[in-house]
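**Q** The chain contents come next:
2 protein chains.
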Amino acid sequence: MRGLLVESGHRGAVAVSDADGTLLLALGDIETPVFPRSAVKAMQAIPLVESGAADAFGLDDTELAIACASHSGDKNHLAAVRGLLAKAGLKEAQLACGVHWPMSERASEELTRAGQSPSAIHNNCSGKHAGMLATAIYRGIDPTGYERPEHAVQEEIRRVLSEICGVRLDRHDMGIDGCSVPTFALPLAALAMGFARLGSGKGLTGARKDAAERLVGACIASPALVAGEGRFDTVVMRGLGSKVFSKGGAEGVHCASLPALGLGIAVKIDDGAKRGAEHVLARLLAELVPGADRVLKGRLDGELRNWLGIKVGRLRPSPTLAAAAKSLSPAKG
Amino acid sequence: MRGLLVESGHRGAVAVSDADGTLLLALGDIETPVFPRSAVKAMQAIPLVESGAADAFGLDDTELAIACASHSGDKNHLAAVRGLLAKAGLKEAQLACGVHWPMSERASEELTRAGQSPSAIHNNCSGKHAGMLATAIYRGIDPTGYERPEHAVQEEIRRVLSEICGVRLDRHDMGIDGCSVPTFALPLAALAMGFARLGSGKGLTGARKDAAERLVGACIASPALVAGEGRFDTVVMRGLGSKVFSKGGAEGVHCASLPALGLGIAVKIDDGAKRGAEHVLARLLAELVPGADRVLKGRLDGELRNWLGIKVGRLRPSPTLAAAAKSLSPAKG
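Chains as they are written, first to last, in the working numbering: chain A, 9 to 341; chain B, 9 to 341.
Hints are computed from structural coordinates only; laboratory data are not their basis. Just so we're clear, the structure is a prediction, and the values are computed from it rather than from any experiment. Any given hint could be a false lead.
For identical chains, the list gives no copy identity; a pair is met inside one copy or between any two copies.
As the list claims (entries may be wrong) - For lysine-lysine, the following DSSO-like pairs were computed, each having C-alpha atoms within a straight-line distance of at most 30 Å:
#1 Lys319 with Lys99
#2 Lys305 with Lys282
#3 Lys83 with Lys99
#4 Lys282 with Lys319
#5 Lys217 with Lys334
#6 Lys217 with Lys319
#7 Lys83 with Lys210
#8 Lys319 with Lys95
#9 Lys334 with Lys99
#10 Lys99 with Lys210
#11 Lys334 with Lys210
#12 Lys334 with Lys282
#13 Lys83 with Lys95
#14 Lys319 with Lys334
#15 Lys83 with Lys282
#16 Lys83 with Lys334
#17 Lys305 with Lys319
#18 Lys334 with Lys95
#19 Lys99 with Lys305
#20 Lys83 with Lys305
#21 Lys305 with Lys217
#22 Lys282 with Lys99
#23 Lys95 with Lys305
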């Protein structure tokens with residue numbers, strides 16, 4: 009809304025599922041496969057723990073959290089990536105994620121002031137890449153080309169994603185992500201079920217169950233590392249502790265696990281807009297999770313202010329979304 | 009597209025009109041009013057010229073172009089804004105547009121290296137604001153509060169927009185823009201007709217016709233000032249000269265005048281995405297304007313590359329858009 013009129017709008021779909029695949033909410037098309045992008049980084053990090061690599065290298069929670077992160081490139085993020093690389097005997101030059109400026113304005117300014125340019129470690133995916141490299145090293149596989157679809161590390165990730173989400177992912181479903189590793193498209197219904205399993209452990213067994221618990225626990229214990237200051241996932245996990253594991257991806261995908269409720273949520277905005285995905289997830293969390301309305305107050309209000317700080321409009325949910333969110337409401341029921 | 013799948017999509021509407029309001033193309037909802045935002049800056053600058061202020065202050069083409077610009081904050085842009093302010097006896101502190109970092113990465117880096125922060129002159133709208141201030145000064149009106157809806161300068165702009173676009177704009181249609189001046193919502197059909205008139209002079213008379221010709225001419229003569237290096241409007245006008253006047257606005261609005269053809273184009277993407285609006289306009293220009301397919305080749309190919317430069321997908325037109333664009337095709341017919 010700007011003034012009294014609707015200026016722009018976002019369409020999309022959302023699934024809320026339990027670990028068995030029973031849907032509590034289905035809005036829009038939840039069956040057409042969508043690329044989850046960075047939303048599934050914690051699933052992509054499962055082999056790092058499940059293989060025994062994390063234990064063998066003595067990785068701590070910060071290093072596991074950064075392996076699941078889309079980080080802002082601040083000092084704490086770089087330190088965690090460097091810690092992971094060092095423990096596995098790896099070098100920054102082995103990261104194949106490519107280079108972009110840190111998402112953090114402060115970090116970008118500091119680099120500029122120092123007359124430096126960013127390198128691969130500043131890429132928001134560098135922790136994920138460090139985890140993939142460490143998995144290859146631990147398994148005794150040549151890490152060269154670890155980012156390619158045919159590499160054993162990526163093949164293992166494809167199997168893990170398929171199994172957790174209960175789908176059979178193959179090459180036809182594959183795209184190449186911004187950071188050059190494969191991303192596999194899967195239905196929101198499957199993604200939501202996968203997140204229910206990831207967060208609650210239900211439907212998982214043995215080393216995989218332990219790995220999921222450890223990775224989700226590490227992210228919840230270090231919310232600042234999973235995203236960065238002021239960003240949605242950090243705000244949510246810092247404010248709500250073990251009640252929510254939340255992870256966004258590019259192009260309007262956002263997922264969450266609600267461990268105590270045994271639920272998973274998967275959102276995709278058709279046009280790829282982050283502002284839409286975050287608003288949808290905020291609406292659902294506000295109904296499902298006690299305290300989320302307080303933690304997400306600014307985002308739920310949706311006030312839009314201009315360069316002078318004048319209130320010029322607001323984000324608001326569609327009537328369909330608002331009604332669907334209210335229908336969930338165990339937080340208030 | 010990413011890999012073999014559609015990752016995200018944009019919906020929207022587009023009108024192509026002549027100066028009488030006869031539509032050559034109408035796709036989607038072209039009747040519901042949309043906020044044109046910065047796309048109509050050249051119309052907002054009409055009073056600066058029509059009033060006689062531009063002549064009285066001896067403004068040159070660069071100063072008129074910057075009054076119509078959403079500039080990147082590079083040195084050439086700041087110089088033009090400062091020139092306009094100086095000729096009208098104004099100070100930077102009078103700009104009410106608010107502050108943001110320059111869109112130009114280079115300019116932002118230089119500010120950071122110098123240990124400086126941006127000021128109002130770096131705001132992409134500072135030239136428009138300087139023009140509004142100069143109009144007030146020339147007319148002997150107190151410029152204080154020139155950005156407010158009730159100020160005579162904004163009232164005049166509302167009348168000019170209403171007359172050029174053939175609609176009656178009132179307070180109900182008003183929103184406040186990012187830079188704090190009013191923005192008035194109007195149908196794409198009206199906006200397209202307005203751009204046909206603005207570029208061709210048809211339907212305009214006297215001082216207004218002269219003002220439109222001079223402002224559009226100034227933008228086409230100084231394409232680097234209207235946007236900035238690498239940006240759509242600068243690329244189009246630099247490559248196509250007097251064949252196209254092109255101006256984008258926030259939230260997925262993009263307009264163009266094709267003076268020789270006597271046509272105007274107005275695009276709005278529902279979700280506000282610039283990538284959608286620019287792609288639609290590129291498709292239409294490629295069919296309507298000889299040489300545009302060459303100038304816009306990279307954008308028409310729509311290749312998406314990741315941080316390592318690997319081709320991961322592409323933008324492509326919907327079948328509806330592709331068919332509609334082909335149906336225009338005087339460039340090839």
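**Q** Can you give me the call for Lys334 and Lys282, within, between, both or neither, at a CA distance of at most 30 Å?
**A** within (22 Å within a copy, 33 Å between copies)
**Q** Cα distance capped at 30 Å. Does Lys99 pair with Lys210 within a copy, between copies, both, or neither?
**A** Answer is neither: 37 Å inside a copy and 66 Å across each miss the 30 Å cutoff.
**Q** 30 Å Cα cut-off: does Lys282 pair with Lys99 within a copy, between copies, both or neither?
**A** This pair counts as neither: shortest intra-copy Cα distance 33 Å, inter-copy 39 Å.
**Q** Have a look at Lys319 and Lys99 and pick one of within, between, both or neither, based on CA distance no larger than 30 Å.
**A** This pair counts as between: shortest inter-copy Cα distance 26 Å, intra-copy 48 Å.
**Q** Up to 30 Å between alpha-carbons, please classify Lys217 paired with Lys334: within, between, both or neither.
**A** neither (32 Å within a copy, 55 Å between copies)
**Q** Checking an output row: Lys319 and Lys95, CA cutoff 30 Å. Within, between, both or neither?
**A** Classified as neither: same-chain Cα gap 49 Å, cross-chain 33 Å, threshold 30 Å.
**Q** Between copies, within a copy, both or neither: which fits Lys83 and Lys95 at Cα up to 30 Å?
**A** Result: close within a single copy only, 18 Å intra versus 47 Å inter.
**Q** One pair to classify: Lys305 and Lys319, alpha carbons no more than 30 Å apart. Within, between, both, or neither?
**A** within (16 Å within a copy, 40 Å between copies)
**Q** Treating 30 Å as the Cα threshold, decide for Lys334 and Lys210: within, between, both or neither.
**A** For Lys334 and Lys210, the Cα distance is within 30 Å only inside one copy (26 Å; across copies 54 Å).
**Q** How would you label the pair Lys83, Lys282 (within, between, both, or neither) given a Cα cut-off of 30 Å?
**A** The answer is within: 25 Å in one copy meets 30 Å, while 32 Å across copies does not.
**Q** At most 30 Å between alpha carbons: which applies to Lys305 and Lys282, within, between, both or neither?
**A** Answer is both: 18 Å inside a copy and 29 Å across each meet the 30 Å cutoff.
**Q** Is it within, between, both, or neither for Lys217 and Lys319, if the alpha carbons may be no more than 30 Å apart?
**A** neither (47 Å within a copy, 36 Å between copies)
In summary, the structure is inconsistent with hints 5, 6, 7, 8, 9, 10, 16, 18, 19, 21, 22, 23 from the numbered list given earlier, while agreeing with the others.
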